[in-house]
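Participant: Chain by chain, the residues:
Protein chains: 2
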Amino acid sequence: MSKSSLTLPKILNKSIVACSRFFQIETLQLRFSNGEERDFERMKGSKQGAVLIVPFYDKDTLLLIREYAAGTHSYELGFPKGLIDPGETPLEAADRELKEEVGFGAKEYSVLKKVVMAPSYFSSEMTLFVANDLYPERLPGDEPEPLEVIKWPLSKADELLARDDFQESRCISALLLVLKDLAQNNDIN
Amino acid sequence: MSKSSLTLPKILNKSIVACSRFFQIETLQLRFSNGEERDFERMKGSKQGAVLIVPFYDKDTLLLIREYAAGTHSYELGFPKGLIDPGETPLEAADRELKEEVGFGAKEYSVLKKVVMAPSYFSSEMTLFVANDLYPERLPGDEPEPLEVIKWPLSKADELLARDDFQESRCISALLLVLKDLAQNNDIN
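Residue numbers (full-length UniProt numbering), protein chains in the order written: chain A, 1 to 189; chain B, 1 to 189.
Only chain A is shown next, with the shape it has when bound in the complex (with noise of 0.2 angstroms):
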């Protein structure tokens, strides 16, 4: 990899150009290494970032909830996730997502991965965890409606990858990196 390649670009100005309750559009004059001269536009997003946990009810069990997606203007399957409030540490956001989305704690957190949904527009930062060791507590969420929670066999695993309505690719790659590290652990031991 060169050096000048990664010499990143001058910001030679930067401005809000539209905002709304939850988004901020900012436009980016920027100066590359080469000399070339370009306006990109992002999204400003929430600066503490957001949480998604791949909760085990079992060994063999996920727990999935089912939520109306307004982007897509359709109910979709995905894991429970949710903005980290001020204050929070990511894993203490997991914690409250999962007691408000699926009414459990859990007694075990390990994170997966940290994960961005597209860098070239975005910067909010959503770090996958896997919950363990559950047990039943609810805390009061600001849903519209009650989220339906569906047990899901790990061994059904290849059928819920095949579906249409789980195609988050947050998701997608949080139930991959689970199998991936079950497979792992298993030829270990």
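For the record, the hints were derived by calculation from the structure and aren't laboratory data.
There could be a bad hint or two in this list.
Since the list can't tell identical chains apart, any single copy or any two copies may satisfy a pair.
No more than 30 angstroms apart at the CA atoms, straight line, and that leaves these computed lysine-lysine pairs for DSSO-like [what the hints assert, rightly or not]: (1) K10 <-> K99; (2) K151 <-> K10; (3) K99 <-> K59; (4) K156 <-> K59; (5) K114 <-> K180; (6) K114 <-> K10; (7) K151 <-> K114; (8) K14 <-> K47; (9) K47 <-> K99; (10) K107 <-> K151; (11) K47 <-> K107; (12) K156 <-> K114; (13) K113 <-> K156; (14) K14 <-> K114; (15) K47 <-> K114; (16) K99 <-> K156; (17) K113 <-> K151; (18) K14 <-> K44; (19) K44 <-> K113.
Following the hints, complete the assembly by docking chain B onto the known chain A.
Facilitator: Frame of chain A, contents of chain B only:
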């Protein structure tokens, strides 16, 4: 799964509340089947959608690109990708992007899966392809600087997944789907 949870909320009203050169933010006034009313915001994206290509340079080696990402203001490793142009099929877009960004065409494409970024906020769909049987052919792209193309051995996939600059969930999903397919084919053979 209860019937009521599959009744889509009614869209009472929708309007564009902010827009820029690339983005349109729409607000939806929704009434859920339980009578609850809420306003949601979502982004209107490219109707055509997008493609991402996992190119096999040979049976043991993938091709990656390193590209500036404005959202995170960083150089990121990932697979070639781009928007589908009006009038193009996803396959035609994949072949064009591969030629523009990597300098190769492919004689064989197969679809891994269709994914979305975050269905709560976005509708745009991305088709993930695998490209095999490459041959050199370059089309001019619109990048502000030449993209760095990197050969990455499949045997080092875990190192790639552990890197902080390989963090886009759609790239992670594509890589893990490829690894899963390879593992299943090895089990069969």
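Participant: All the hints need checking, so say for each whether the structure fits it.
Facilitator: Hints, verified against the model:
1. K10 <-> K99: The answer is between: 28 angstroms across copies meets 30 angstroms, while 44 angstroms in one copy does not.
2. K151 <-> K10: between (49 angstroms within a copy, 28 angstroms between copies)
3. K99 <-> K59: Close inside one copy (19 angstroms), not across copies (45 angstroms); limit 30 angstroms.
4. K156 <-> K59: Answer is both: 13 angstroms inside a copy and 29 angstroms across each meet the 30 angstroms cutoff.
5. K114 <-> K180: both (16 angstroms within a copy, 21 angstroms between copies)
6. K114 <-> K10: So K114 and K10 pass the 30 angstroms test inside one copy only (26 angstroms; across, 35 angstroms).
7. K151 <-> K114: Result: close both inside a copy and across copies, 25 angstroms intra and 24 angstroms inter.
8. K14 <-> K47: Answer is both: 18 angstroms inside a copy and 28 angstroms across each meet the 30 angstroms cutoff.
9. K47 <-> K99: For K47 and K99, the Cα distance is within 30 angstroms only inside one copy (23 angstroms; across copies 36 angstroms).
10. K107 <-> K151: within (19 angstroms within a copy, 42 angstroms between copies)
11. K47 <-> K107: For K47 and K107, only the intra-copy Cα distance (27 angstroms) is at most 30 angstroms; the inter-copy one is 43 angstroms.
12. K156 <-> K114: Cα proximity of K156 and K114: in one copy and across copies (25 angstroms, 19 angstroms).
13. K113 <-> K156: This pair counts as both: shortest intra-copy Cα distance 23 angstroms, inter-copy 17 angstroms.
14. K14 <-> K114: within (27 angstroms within a copy, 34 angstroms between copies)
15. K47 <-> K114: For K47 and K114, the Cα distance is within 30 angstroms both inside one copy (14 angstroms) and across copies (29 angstroms).
16. K99 <-> K156: within (25 angstroms within a copy, 37 angstroms between copies)
17. K113 <-> K151: both (23 angstroms within a copy, 23 angstroms between copies)
18. K14 <-> K44: For K14 and K44, the Cα distance is within 30 angstroms both inside one copy (12 angstroms) and across copies (23 angstroms).
19. K44 <-> K113: both (22 angstroms within a copy, 28 angstroms between copies)
In terms of the numbered hints stated before, the structure departs from none.
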